[in-house]
Amino acid sequence: MESLTNWLDNLLADNSIFTLQTLSYYGDGLVTTVQLVFLSLIIGLVLAIPLALARGSKRAWIRLPIFFYCYVFRGTPLLVQLYLIYYGVVFVEGIQDTWLWVILEKPFVPALIAFTLNTCAYTTEIFRGAIKSTPRGEIEAARAYGMSWALMLRRIVLPSAFRRALPAYGNEVIFMLHASAIASVVTIMDLTGAARFVYARFYAPFDAFLFVAAIYLCLTFGIIYLFRYLEKRLLAHLKPASG
Amino acid sequence: MIDLHGYGPRLLEGALVTIELAVLSLILAVLLGLATASAKMSRNWVLHRLGTVYTTVIRGVPDLVLMMLLFFGGQIGINMFTDWLYYQFDIDIFINVNEFVAGVCTIGLIFGAYMGETFRGAFLAVESGQIEAGRAYGMSHALVFRRIRFPQMMRHALPGLSNNWMVLLKTTALVSVIGLSDMVRVAAEASKATREPFTFMIIVAAIYLLIASVSEWGFARLQKRYDVGFEEVN
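Residue numbers (our numbering), protein chains in the order written: chain A, 1 to 243; chain B, 244 to 477.
Here chain A stands alone, though its shape is the one from the complex (with noise of 0.2 Å):
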């Protein structure tokens, strides 16, 4: 351990910027990047798929309002959900008191609950899409079968519609990689945020942000092949008979 320290100071003592220091300011950014990416997206995801199917509903108390929200936090700019969420939770009458202040004062909480409000308005919409072109046939067959609503939903509409929602799903997922930076305007030390601190502290702006944009395009490509992979093996019925 002590040998690689000394090859990588070695190796870093010819500039006057990326030295451990600052390159450890980029990896603790990166940490709290991928939290926050993952988390929204895996809360986001959980939430969604009730609200798809809710989405669908025939009667209009239940989808109207599921309309209204995505149309909301699909229309605005995530920015101006941040902001509303951060400013705004100071403000709920008599929060300060409660335990929730403890984990609604530091800015990742706000944020994540931005985050994951803006990705599952997405993801619902997603959803809502794959769910409504399930072939009509697989519903009359599992009907035919005598499967209920709960099996059917379970065994057939959902597993297809997942499937057929995975390359739009993976745009989302880069979707939220790239907004994630936005988290560094509410002071979080994300990516983006260490690379700001980085420029001010040295007054470097290609070399700060080139070597974050990077960062950011090799997780792109990583996230990319990873939607391929799965791509390939979960729709691997689906491709066109190769003659």
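There may be inaccurate statements among the hints.
Stated by the list, open to error - Straight-line distance between alpha carbons at most 27 Å, and here's what the computed BS3-like set of lysine-lysine pairs gives:
# : chain 1 : residue 1 : chain 2 : residue 2
1 : A       : 232       : A       : 106
2 : A       : 132       : B       : 435
3 : A       : 106       : A       : 239
4 : A       : 58        : A       : 132
5 : A       : 106       : B       : 435
What the hints assert, rightly or not - Here's a subset of chain A near chain B, in silico, CB distances under 7 Å, partners left out:
#  : residue
6  : 79
7  : 83
8  : 135
9  : 139
10 : 181
11 : 192
12 : 209
No lab work stands behind these hints: they were computed from the structure.
For each residue, glycine too, the CB sits at the ideal point set by N, CA and C.
Since chain A is already given, all that's left is putting chain B on it; use the hints.
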């Protein structure tokens, strides 16, 4: 009535900045997108490569990072260039990057990459027989582009174009971070000063929704125009 604490006129000015910024960026993005699509479809491999690198890199990096790179780095880059001009050729000029111009250039550059992909797909969807027919009539390449390729391409490009416009509109909010007084910045300042974030942020959100709804209607009308001669498939 909602009390805006005198921020009403500034909020309106901010909304105008947002709209101007979005429209000018859109024009730049469309021009860049057309150039990129042509470069990516060209037989010249240098142009092809350049187009591919541009669209891949821009679409792989967050908007905010690109914006900061170009905004903070841009001035330093231009200063380096004018210094070089001064030492080499004794030309003394000073270019100060205006925040608005920087914003338009950055957003235009980012969305040029997305537009490039949209236009490329749309150009490929125009039948080659149509282009050959145009050439057979003795039309020049420019005339074929204006009369045949462009109008038919637009029919395929409009859904993507309208999508890109919606994303672009929301991206303009980011310029508030680099110091431009668009409506998000005005609202953020007003929220801090009056301690009423809900009022101002909800108004801003409503204005964004309004712009989005109006443009959705506009795009639907345009689509109808470019769809002339095509039966709707049911």
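Q) Which earlier hints turn out false for this structure, listed by number in ascending order? A) Result: hints 1, 2, 3, 8 and 9 break, sorted rising.
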